[in-house]
Amino acid sequence: MKKIILNIILLSFIIGLPYIANAQPVGLVPCGNIGEPPCQLCHIFILFNNIISFLLVPGNPFGGFPVVLAIAGLMILWSGFLYIMSFGDPKNLIKSREILKATGLGLLIVYGAWAAVNTLSWFGIIPNNWFTINCPIIP
Numbered sequence: 001m002k003k004i005i006l007n008i009i010l011l012s013f014i015i016g017l018p019y020i021a022n023a024q025p026v027g028l029v030p031c032g033n034i035g036e037p038p039c040q041l042c043h044i045f046i047l048f049n050n051i052i053s054f055l056l057v058p059g060n061p062f063g064g065f066p067v068v069l070a071i072a073g074l075m076i077l078w079s080g081f082l083y084i085m086s087f088g089d090p091k092n093l094i095k096s097r098e099i100l101k102a103t104g105l106g107l108l109i110v111y112g113a114w115a116a117v118n119t120l121s122w123f124g125i126i127p128n129n130w131f132t133i134n135c136p137i138i139p
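The opening residue of the sequence shown carries number 1 in the working numbering; numbering runs sequentially from there.
Because the hints were derived from the structure by calculation, they are not lab data. Using N, Cα and C, we set each Cβ at its ideal position, and we do this for glycine too.
Cβ-Cβ distance ranges computed for the label pairs, FRET-style: (1) F54 <-> N118: 17 to 25 angstroms; (2) L28 <-> L69: 16 to 24 angstroms; (3) P37 <-> F81: 43 to 51 angstroms; (4) G124 <-> I14: 46 to 54 angstroms; (5) V117 <-> K3: 46 to 54 angstroms; (6) G88 <-> K3: 30 to 38 angstroms; (7) A113 <-> I14: 34 to 42 angstroms.
Take these sequences, add in the hints, and give me the full structure.
Put into structure tokens, the structure is as follows:
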């Protein structure tokens, strides 16, 4: 058993090496570092946009996998664990179903709002590229 666990850990480490090597120093705050412009008020909006991108958008420059989906996946796993380990206890069965419903509803709200705004943008009600923020540098 120890040999199997050791092999799984070793394989995970080998598979994860390219991700470590591809690590780039991209921060959520787009200003104030060496070689970057000084921070201004409009950088707050860019920071909020970067946080939303980090949490929701797959393939973002901060990690590639949206945090919201990872948390939702963990909640679905927890719900399944509670469901299996309830052994017919109605209290745990109800709790498991509530967690699963809340997770699904949360994902529906988050990505539904994003899809609604993008659809309005597509029809021209909201300007295109509503999610991009220009921050002119004022000396």
